[in-house]
Amino acid sequence: MALSQLLSSSSRSGNRLKSLSSAISLRHPISTDTTPITVETSVPFTSHQCEVPSRTVQTNAKELLTFFRDMALMRRMEIAADSLYKAKLIRGFCHLYDGQEAVAVGMEAAITKKDSIITAYRDHCTFIARGGTLLEVFAELMGRQAGCSRGKGGSMHFYKKDSNFYGGHGIVGAQVPLGCGLAFAQKYCKDEAVTFALYGDGAANQGQLFEALNISALWDLPAILVCENNHYGMGTAEWRAAKSPAYYKRGDYVPGLKVDGMDVLAVKQACTFAKEHALKNGPIILEMDTYRYHGHSMSDPGSTYRTRDEITGVRQERDPVERIRKLILSHDLATEKELKDTEKEVRKEVDDAIAQAKENPVPDSSELFTNVYAKGLGVESFGADRKEVRATLP
Amino acid sequence: MLGIVRQKTLEQSLKKIRPAVSVLRSYSSAAKQMTVREALNSALDEEMSADSKVFLIGEEVGEYQGAYKITKGLLDKYGPERVLDTPITEAGFTGIAVGAAYYGLKPVVEFMTFNFSMQAIDHIINSAAKSNYMSAGQISVPIVFRGPNGAAAGVGAQHSQCYAAWYATCPGLKVLTPYNSEDARGLLKAAIRDPDPVVFLENELLYGESFPISNEVLDSSFCLPIGKAKIERKGKHVTIAAYSKMVGYSLKAAEILEKDGIDAEVINLRSIRPLDRSAINDSVRKTNRLVTVEEAFPQHGVGAEICACVVEESFVYLDAPVERIAGADVPMPYAANLERMAVPQVEDIVRAAKRACYRSVQ
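Heads up: the sequence lines are chains A and B, in that order.
Under the UniProt record's numbering, the very last position in the first sequence is 394; numbers go up by exactly one each time.
Under the UniProt record's numbering, the very last position in the second sequence is 362; numbers go up by exactly one each time.
In case anyone wonders, no lab produced these hints; they're calculated from the structure.
All values reported here derive from a predicted model rather than from experimental measurement.
Keep in mind that a hint or two might mislead.
DEER-style ranges, computed between Cβ atoms [claimed, not checked]:
id, chain 1, residue 1, chain 2, residue 2, range
1, A, T112, B, K77, 51 to 59 Å
2, B, V316, A, S365, 38 to 46 Å
3, A, R308, B, E258, 48 to 56 Å
4, A, G376, B, K77, 50 to 58 Å
Where a beta carbon is used, it is the ideal one built from N, C-alpha and C, also for glycine.
Let's have the full structure, built from the sequences with the hints guiding it.
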């Protein structure tokens, strides 16, 4: 009897983690007020070869509070991942997104799950925004069965096909032609959907990006290239890598927009604009001016090529979570205590997911040989000692 | 010009003193220790000092001091004209480096890992490897492509591949795989001095490992010959041929085998192309049994080539089928337990050696 109660409560919490916004209405009386509020973005948009979207944005209490919660969750998740890495529960590479949350959250708010997103290796928060759960994140990071790639991918290889999230890529720049390919397929299938292909300022100089952009422009593909410009490609500042760091202009004949990537409402506005544009006119570039608090990865302190003053400066002046907090408070949409309570809830969700992930088993040995092919054809594969370990590929 | 004369004289004197060197090595107490990282750094430093045409190019090699700190201090010492930080654009900067080599400079290109060299592989194969042949000797390409190769720890499928077999397929390239610090110093110096394109495959997990090193190796004129393997451990019952990190594993396997009365000979290949076929065959003719070890995917790998050459040259000497230990035939998984199964372990080498010796593997 008690066991079935336990089981039902754990499946309930699983569902809770799946749907962030509905969780809010179940557990915490957050405002569901959708009365429009008009807000101005932090700075006006700058455009290249296209009109500029208005900096006046319509939002409401429900949306702002959802933004706050989602970004706070992502922030907490990444900080927890830092600790897990230092505790050696996460191995290999781990690239954290804290500071850049507004891009993932704002983009998701402008689109549907029919639209596709593809990104590089800094993918934990994009996965969450696409509907992934905290358990799937932490289990994958720790190489467990419940991970989104069943423990076989790792930090850089999160995917969620049913939400049109195509990963999760380790080779700098490769995801951009892939994203244009997704857009090609969307047009081919007449899906009336778009693809957002995200890349960093480090990847912005990759030749394959320009090759894919040229084809996308020739063929009017609904591809939106989003440069998450956090100003550093690993240890190299943008001015040392790019002759022209005005990434929104680098498309030349392809229009572009420069956006304050730390302002979630600006991101949402820009993505709405871009989707409309791409469906009618083909590719467009969005440059998100953003910042990562962590180094390039957990192996990089992030302080040898930038000053601590710069990092704290951004945190004080431009932090995306703080911006929304101030907006909520200044419009009296919630009290400081309510927001702090939300942060506490989110922290607990993260801690619970980590605890659950820690209990989760490692993949079964047979998983070494699964998914090499979609169709194995009875082909034999081998372990390190081919006479000791062999398997027929499923 | 003087550099070339000096080099030729050095080569001649090196040939003379080589036998003496090996005697000295067995007498010297080898009190000094050096990590592979230090060995590579010192080799780069000395070769840059000796020849002003040598320059370094790659991501984070300068101001960041190297992603794995191999090029630490070199920007400060030689300046930004000789240590060049590039954008993350392998196809572009590799092409640029090969072009510079056409003109007569001596670039040392760093790939942050060889996985990223695939973005530039056209330049390595078509622009570098084949040029001397296509131009009938007019355009030699004195370039070195170096960086970590193969599996690290938990870095997943796109960051763990070993490219030794791929590059070694191509005539016109030389492919080197150092194991210890002596290899790292001697082979890198040889690579930089060599007039042909050299693919220099390091290993991230070996960078921090410390090895004893003799005074001869520390000398700035020290150089190892390209195309020559080294017998790391003499034995008589079975030959274990390996390269890079697997040499260390094979030596450990040999210690375990010794307890069971099997005396293994461990060959450190050092050079995959040219492959030291005579050293391998000489060894197999002595032991009559062979185990090849590599971290890479098995099909069409280095072990397959070694097996073929032994079957061709020394078939009648083989008393057992050639055993092949390699990485698992799957993309590298992330989960620790699966990763462990995907990479050869010491016990795999022990087991294969016992099989080759017709011993029970219990």
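Okay, the hints, checked on the actual structure:
Look at A/T112 against B/K77: about 56 Å separates their beta carbons, and that is inside 51 to 59 Å. The given range of 38 to 46 Å is respected by B/V316 and A/S365, whose C-beta atoms sit roughly 40 Å from each other. Take A/R308 and B/E258: their Cβ atoms lie about 55 Å apart, and the range 48 to 56 Å holds. In this structure, A/G376 and B/K77 meet the distance hint of 50 to 58 Å, their C-beta atoms being roughly 54 Å apart.
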